[in-house]
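Spelled out, the chains give:
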Amino acid sequence: MSRASSFIGGEAVPKVTRGTLVYIIQRLAIIALTLLVVSFVVFVVVHALPGNAFISQRVHGKTLQLLLHEYGLDQPVLIQYWNFLKGAIHGNLGVSLYIRGEAVTPLVLRELSVSCELGGSALIITIGMGMTFGVLAAIRQNTWVDYLLTSIAVIGYTVPSFVIAGLGVMIFANFLGSVTGGAFAYSPVWTGTYGTIGELWLPALAIGFYTSGQITRITRASMLEVIQQDYIRTARAKGLRERVVTIRHALRNALVPVISILGTTVVGILVGVLVIENIFGIPGLGKEFVESILQHDYNVTVGVFTIFALLIGLSNLAVDLIYTVVDPRIRY
Amino acid sequence: MTLGTPHLGGARGGLRRPSQAMLVISLLAVVAAACGGSSGAASSSSGLASSQVLKFPAFQNPGTWDPGEADAEVDTEFMQNVFDNLWRFDNSLNIVPDIATAVPTAANGGISSDGLTYTVNLNHNATFSNGDKVTAEDVLYSWDRAVALQGPYSSNLSAIAGYAAVQSAAGSPPASTTGSPLNFQQSIENGLWGCFRGKGTAGATCDSSLEMSGLTAPDGLTGYTVQITLASACGWCLAAWTLEGTTGAIVDENVIHNDPVNWWTKPSSKTDGMVGTGAFYLASFIPKQSMVFKAVKDWWGSPKPTLTEVDVDIKDPSALATTVAAWKQGSYGIIGYGGDSGNLDYPTIESIKTSPYAKDLLTQPKGRTTWLSFNIGYPKTGGPFVGESAAAVGLRKAFDLAVDKTGLATTVCHDLLCTAATGGLITKGLIGNLGDGQDPLAAYDPTEAKQLLKEYDPTGALTANLTYSYNTGGLNDPVAEYLQNEWQTNLGVHVNLNPVGDASQFISNRLGGQYVMSRDGWQFDYNNPQDWYANLWGTFATAAGANTSGFDDPTYDSILNQADAEPISQSLPLYNQLATILQQDVAYIPLYYSVGNFLIQPWVKGAGSNTGFDYYWDQISILSH
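Order-wise, the sequence lines are chains A and B.
Its first residue numbered 1, the first sequence is counted upward by one per residue in this note's numbering.
Its first residue numbered 333, the second sequence is counted upward by one per residue in this note's numbering.
Everything labelled a hint here was simulated from the structure, so no lab data went into it.
Don't take every hint at face value.
With a straight-line Cα cutoff of 30 Å, these simulated DSS-like cross-link-like pairs (lysine-lysine) come out [stated by the list, open to error]:
hint	chain 1	residue 1	chain 2	residue 2
1	B	K602	B	K685
2	B	K786	B	K598
3	B	K629	A	K62
4	B	K602	B	K636
5	B	K598	A	K86
6	B	K602	B	K531
7	B	K629	B	K602
8	B	K598	A	K62
9	B	K760	B	K937
Here are the in silico distance ranges between beta carbons for each label pair [as the list claims (entries may be wrong)]:
hint	chain 1	residue 1	chain 2	residue 2	range
10	A	L314	B	N828	45 to 53 Å
11	B	E813	A	L314	25 to 33 Å
12	A	G61	B	N797	24 to 32 Å
13	A	V37	B	N828	35 to 43 Å
14	B	K712	A	Q65	20 to 28 Å
15	B	L829	A	I79	49 to 57 Å
16	B	T738	A	L36	55 to 63 Å
Glycine included, every Cβ here is placed at the ideal spot set by N, Cα and C.
Extracted from the complex, chain A is given alone in its bound form:
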């Protein structure tokens, strides 16, 4: 019995080997190095941009010089970066220049948690919708269900998330609002730090619908390949119920190629978050990403970029580790 066939039982639980631990430590070291490089490059680049956070019709000349001096912005950029780095190592990303004196670390951590709520919801929709549609399309190959779901998938990955968001607002907020006199409509107001389900579903759907198209395609193709394998026939011959065969045996093996694109899917979701948070006024990192650059809020910009780099690094690491759970043949 091969490893693959032993996996049909679906009970294999990979052990955390020493090799895996070494692999994780290596990857974490690479991530740390990446963060250092990202923070340095972003720090130097944003400081090299013309203008600064303080200049206005009233803030110039001596007033401006005082502020620059007060915030240490008149020092050489390498000295500034060194000061930043010393604080960052201790979790202190400095203060905001736009909201004068506001600590950056709690600000970006709160915004990160908001973006994680939105991004996580979008990921659930992406995987849930993408895989459901992919599986259904595969097992109903060449039927109207297949045509409908693959068409939806094509629409999904060809229509950008901001278009879906705009259409959603038009339909669920404006149209439904006017038709029902506001009694039955989507309210595009984010009322707190975290969104309620009523607030969250449309922005999450706008991101998730876009990224789920790819998952649908991959899942369908993978499922079509797997359900023709001998071990699926064997499973059926053993008298297992079709649902068990499909979900436990076929789907699990079909997951490997799906997981392989999860890393890029997460990046796609992060990009979606950047756009969608601005459209819906969601107080997350995506909104901050653009704002902080435009406002020359250097420390916030560096913090946001660094956190995005960290998220991408960790999500790719997580995907690589999930491989070992789904496919025990993969070892590090």
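Let chain A serve as the given structure and place chain B on it in line with the hints.
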């Protein structure tokens, strides 16, 4: 393969119900979620709504709410409801008493006969939101501190004797080695603590060099009289001291002493946070997300607030569409408050005007003028407009007359977002506006423009390769294209456009005289022509590094000095002379006056705006709806 098909066929039957169920559940989830966001409004038969909570969005984050350092309109719009000055502007921009019991005049004895001494009596009932009484020492502390901090509006107090000495004593802040501005505010606070609230407490010392000699309390620090002695007569000072949310605002040393840097970011409490004397206090501030202000219980002033709470969501301007949708649903009471009356774009306004919401649109001229500045006084930058030669003035005039200002307001602003600036630099509705059509530079005469160009630049060499610079965004891009087209059409001169994406870089370059032609403008601070003529041209502007055009005229400076010393009744003709000098010199091309647009629900009573600022929150109530 042959076996596969029957299997799939078999599977079809087995999975039919789950697949259908999943699709149905998905649809139901979407519908249920949509339903979940619906809003409803409680209503009663008449009068006020049971909930007096006003909610509106702000499209900018606050920069700082420390009155000693505040700069942006968004900050002062909020702070006018939290802090009070000795006087305030009413809805018609008249100066009326606030913490002071009267507006000082020569007639009521508030201003000495030589105009140099102001005596101000304070309202004995005035208290901070934490219960601390307001006495003379609070006024002295607030103003001394504001001068020492040397913020953008510290010059509003510059006429007071001892102003320069305090700024000199406060010096420059030490260079930060951490990026945090801890040392400067702390050292000023340490120096002032022993002079006022902390006087006599253990370890407190008073650095008297941080006290302006012209600011005293004749009845003692805990009394209710303040005497302000000026270094020289000042006709505009009262208006400048009244500008709310800035250096004239009264702050509580008891709370600032506990955290000189970040006190304003924290909710108000007895000993900490953003404590003021206004009708509202800060109850919650989540940076870049929201602010909650609550009405001060048994507030000392009037009118007593009806609103119990004001909730503000901080949004990005790109969220305008969803924000307007939320307003239509009744989730927001107002759009445009908080310095955001320029955020509603033309398509949005136009769609509102043709909808049932048209009656809820408030259009209000705002105190902002936009004009074009020539490089007149920076030879290094060069260009054909430098200097006062007949050719330079004639070419400035040619480029001015070639622009149809009324056409600009129609073409670019659709006669909605702005109006043609035909009454001089000072916006319509403010003291110093010359009246419609009274600015000769607002004329449009392409024939004379062409003649002037032919006379002073017959070969076209002087006006070749000219560039107009502007910061991108808003109306600036279409205005630039309009100007380019006008000069091309009426003068046959192609002017290059230099769009600058970064506003701070543009302002820095512009104030440094680095542009031959540039977009320029001013939003008034207080209703006195000095705010315009001193801050923008002449020696004062040059010394402050804010003289865009480099215009320099000894006659102008002389008249300005004379005007600044007189009360407005006597200074207005002098300021009008300054307007004439600028016009004769063709120092600018007047373009447009800005117009603000607000969406105000019919159930929000008392909300509105004047040329300068939003009506105070204590005038607003929520009607049942």
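| Of the hints given before, which are not true for this structure? | Hint check: 1, 2, 3, 11 and 15 fail, others pass.
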